[in-house]
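Q: Please construct the entire structure, taking both the sequences and the accompanying hints into account.
Sequence order for the protein chains is A and B. Counting in the working numbering, the first sequence runs from 1 upward without gaps. Counting in the working numbering, the second sequence runs from 478 upward without gaps.
It is worth saying that the hints were derived from the structure and are not from the lab. Note that this is a predicted model, so its numbers are computed, not measured. Incorrect hints may have been included.
Here are the in silico distance ranges between beta carbons for each label pair [as the list claims (entries may be wrong)]:
(1) A/Glu50 - B/Thr560: 47 to 57 Å
(2) B/Arg790 - A/Tyr170: 28 to 38 Å
(3) A/Ser102 - B/Gly591: 56 to 66 Å
If we take Cβ atoms under 7 Å as the criterion, some of the chain A residues that face chain B in the derived model are [what the hints assert, rightly or not]:
(4) Leu81
(5) Cys82
(6) Leu85
(7) Ile96
Glycine residues also receive a C-beta, built at the ideal position from the N, C-alpha and C atoms.
So you can see what is in the structure, the chains are spelled out below.
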Amino acid sequence: MLRAHGLSLAFGATLALQDVSFSAPAGRVLAVIGENGSGKSTLLKILAGELRPQAGQVEWNDQPLRPGDDQVLLVHQELALCPDLTAAENIFLGRIPGPRYSPAQLQDRAHALLSGMGFPEIPAAGPTRTLPISQRQILEIARAEARDAPVILLDEPTSSLTQADKQKLYDLIRTLKARGRTILFVSHFLEEIREVADDVVILRDGVKVAEGQIGDFTDADIVRHMVGRNVDDFFPRSDRTRGECLLTIENLTGTDDMPHQASLQVHRGEIVGVAGLNGAGRTELLRTIFGLREIKSGQVQVKNLASLSPRAHWRTQTGFVSEERKLDGVATDLSVAENITLPRRQGFLNRPAEGRSVAQRWIDELGVKCKDPDQPLQDLSGGNQQKVAFARLLHAECDLFLLDEPTRGIDVGSKIELYAQMDAAAQRGCAILMTSSYLPELQGICDRIAVMNRGRLVAIHDGRTVDSATLMADSIQ
Amino acid sequence: MKKDHSLPILIGAWILIYLAFAVAKPGVFFSLSNVEQLVRQSLVIGLGALGITYIIVAGGIDLSAGSVVALATVTGAMTLDQTGSVGAAIGACLLTGLVCGLLNGVLITRLGAGPFIVTLVSMLALRGVAKGISGEKPVYPEAPQWIGQLTGALTAENRWMIIPPGGWIWVVCTAAFAWALRYTTFGRNVVAIGSNEAAARVCGVQVNRVKVATYALGGAMFGLAGLMLLSRTRTGDMSSAMGAELSMIAAAVIGGASLSGGQGNLVGASVGALVMATINMGCNTVGLSNWVQEILTGVIILVAVAVDRLRARQLSVAG
Numbered sequence: 001m002l003r004a005h006g007l008s009l010a011f012g013a014t015l016a017l018q019d020v021s022f023s024a025p026a027g028r029v030l031a032v033i034g035e036n037g038s039g040k041s042t043l044l045k046i047l048a049g050e051l052r053p054q055a056g057q058v059e060w061n062d063q064p065l066r067p068g069d070d071q072v073l074l075v076h077q078e079l080a081l082c083p084d085l086t087a088a089e090n091i092f093l094g095r096i097p098g099p100r101y102s103p104a105q106l107q108d109r110a111h112a113l114l115s116g117m118g119f120p121e122i123p124a125a126g127p128t129r130t131l132p133i134s135q136r137q138i139l140e141i142a143r144a145e146a147r148d149a150p151v152i153l154l155d156e157p158t159s160s161l162t163q164a165d166k167q168k169l170y171d172l173i174r175t176l177k178a179r180g181r182t183i184l185f186v187s188h189f190l191e192e193i194r195e196v197a198d199d200v201v202i203l204r205d206g207v208k209v210a211e212g213q214i215g216d217f218t219d220a221d222i223v224r225h226m227v228g229r230n231v232d233d234f235f236p237r238s239d240r241t242r243g244e245c246l247l248t249i250e251n252l253t254g255t256d257d258m259p260h261q262a263s264l265q266v267h268r269g270e271i272v273g274v275a276g277l278n279g280a281g282r283t284e285l286l287r288t289i290f291g292l293r294e295i296k297s298g299q300v301q302v303k304n305l306a307s308l309s310p311r312a313h314w315r316t317q318t319g320f321v322s323e324e325r326k327l328d329g330v331a332t333d334l335s336v337a338e339n340i341t342l343p344r345r346q347g348f349l350n351r352p353a354e355g356r357s358v359a360q361r362w363i364d365e366l367g368v369k370c371k372d373p374d375q376p377l378q379d380l381s382g383g384n385q386q387k388v389a390f391a392r393l394l395h396a397e398c399d400l401f402l403l404d405e406p407t408r409g410i411d412v413g414s415k416i417e418l419y420a421q422m423d424a425a426a427q428r429g430c431a432i433l434m435t436s437s438y439l440p441e442l443q444g445i446c447d448r449i450a451v452m453n454r455g456r457l458v459a460i461h462d463g464r465t466v467d468s469a470t471l472m473a474d475s476i477q
Numbered sequence: 478m479k480k481d482h483s484l485p486i487l488i489g490a491w492i493l494i495y496l497a498f499a500v501a502k503p504g505v506f507f508s509l510s511n512v513e514q515l516v517r518q519s520l521v522i523g524l525g526a527l528g529i530t531y532i533i534v535a536g537g538i539d540l541s542a543g544s545v546v547a548l549a550t551v552t553g554a555m556t557l558d559q560t561g562s563v564g565a566a567i568g569a570c571l572l573t574g575l576v577c578g579l580l581n582g583v584l585i586t587r588l589g590a591g592p593f594i595v596t597l598v599s600m601l602a603l604r605g606v607a608k609g610i611s612g613e614k615p616v617y618p619e620a621p622q623w624i625g626q627l628t629g630a631l632t633a634e635n636r637w638m639i640i641p642p643g644g645w646i647w648v649v650c651t652a653a654f655a656w657a658l659r660y661t662t663f664g665r666n667v668v669a670i671g672s673n674e675a676a677a678r679v680c681g682v683q684v685n686r687v688k689v690a691t692y693a694l695g696g697a698m699f700g701l702a703g704l705m706l707l708s709r710t711r712t713g714d715m716s717s718a719m720g721a722e723l724s725m726i727a728a729a730v731i732g733g734a735s736l737s738g739g740q741g742n743l744v745g746a747s748v749g750a751l752v753m754a755t756i757n758m759g760c761n762t763v764g765l766s767n768w769v770q771e772i773l774t775g776v777i778i779l780v781a782v783a784v785d786r787l788r789a790r791q792l793s794v795a796g
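A: In structure tokens:
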């Protein structure tokens, strides 16, 4: 039994965690839910001994936990693996018997361990950088098993997995549960929590607001606890009128056959979603349209102009939000204001005062939580960073939005804000093309949903009437 | 799994370069004494490249290597001058390097100031120390015969050695360093830190201790390189080995080291040093000017980096 007593921690003036207590028995899965910034990650880090609480303590079987005794292992959201080491070395990192060791022996041990977990196919000898992300994740869990850690903390383990890989992960969680491990599971997805969790703890603004068995909560209950208000219009859908066509792609084929001979039209006043599995080519489709990837054959016509560069796109009011926020979504060292005005800088001189005042407007409009427009973006939570990325498009007065997984990994409150903004944009005549791995979201806000499968656009459905089974079937056939 | 062919490619390229010069100037290049000459010329850079490769694999850099080499020649020469003991002189060279490396490592890990800045500082300061203790004059010690023989041309009865003893020390060091990176826990921890420092820390690797060890080890190698330089010139010269750190880094990079850490090949680094010395010697033999050599060396490094990038792209599946 893992027990937390009255954990509190403040960063400066912000109370990240306030008097949080709970217990997690062995052989059960406890889901920790809450918006980004609600204190989930802080809680996990305290449990894992990476942060010290200012008050309270953590106990395992009535003994206080000491950092470094490896009772609790945290599987990080940003994978903590060394790409240049082999899978076996990553599993036993910090525990490799030394000073001399035998790679073959270590690989045998790793293979036995992975087989026991149901993943005999993961090569123990190869460099980790060549493994797909789903397998890398398993390595981190294997690391916990190698240390025989009774408590395993999973921080959003499914955020980058395909449906099939998620199933394998759920199976693994059940295996670990059967071995009597205590598992804490952080996720934004309610379906997923229902799939694997037995119990739930809900955090809001660093305070525990609810706990109990998962079966005792409806989805609406959970969301209400998370955001602290009733969410009637989770997915807004105002009356939209379809207008002229802004984007036409015809037989578009990109590098590596991603996309492959895709054809699609997007009109003013509509939101078109692209569903599909990871690796189906959705990101590649959007990036090819925006001029970030080479067009091998076929055509992209944006407002009757063909094959524009990203710079030209911004100038003609087409904006793009990247899936990889940290990679090319936002510049985390720049301020909120500079990020918003980045695509639309004018003149030779940088005029900070002017940037601040226009940025303030979008900060208010989108409810970006920040101290002031000069705050560096890295200080903001993921959801607020994403709002800033979206504000760019509004500031540049875009009428064609290309949004690649705009709500990935962000909190419910920020999602609701972005949905409302997208709906409002469509209502005033903007055209939106978005990808998402979260089907309820596509069904909630899209007018049409296209399905991508191995680079091809295989079907287009009416967003209001299509059911998940159809979309899933199109994705995997 | 795809296999990594970059080392055979590098060795092949070196042989091709060698053959090209051999064809241009037959007679001179196809001789054992030429091989011996090549080893003598690349020895100092080659030994230093081994040390700097460990530092680079761990994600660091050392700009003070050249200054440490110079300082080691000075302390070695002065010890030899004052004690007349070769053992003491060897000890002084190695100890000088080790202490400088430890100092770099401790400053980098304690100060958290970044290896580039810290070793830039020690590059300047240690050169100053070398000048200060030698009174800004080269030191010419009374050197016994065999310190020269360490790197000197082989005499007729020593021909069986093929390359001078210093060269054999280099060969042994290359093998030992390559083995240690692959087959010891320390070596894997070095790779782990350069690959993902945060992950290594989370897994309980003593990151700072391992980092300090790489700088100390590197320092000792620069000290050893200093000893070889002292043997060759029989001089403790505070202004020697200027810019040697860049040649060592170049050798490491030609050998397959990535400056972002996590990757490096010790055999490659030694071959890298040989490649640069071959170009140098070849151009001299054929009669090409110094500026051609410099351009050629630059191009070789560029090609090595380009090959490495291509290889990385091939090896990574999902990015």
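Q: A separate judgement is required for each hint: does it hold in the structure or not?
A: Outcome of the hint check:
1. A/Glu50 - B/Thr560: 47 to 57 Å: Holds - the Cβ-Cβ distance for A/Glu50 and B/Thr560, about 53 Å, lies within 47 to 57 Å.
2. B/Arg790 - A/Tyr170: 28 to 38 Å: With Cβ atoms ~34 Å apart, the hint holds.
3. A/Ser102 - B/Gly591: 56 to 66 Å: violated (36 Å)
4. Leu81: holds (6 Å)
5. Cys82: This hint holds: A/Cys82 lies near chain B, its Cβ roughly 4 Å from the closest one there, short of 7 Å.
6. Leu85: Given a least distance of 6 Å, the restraint on A/Leu85 holds.
7. Ile96: With a closest approach of 5 Å, the A/Ile96 hint holds.
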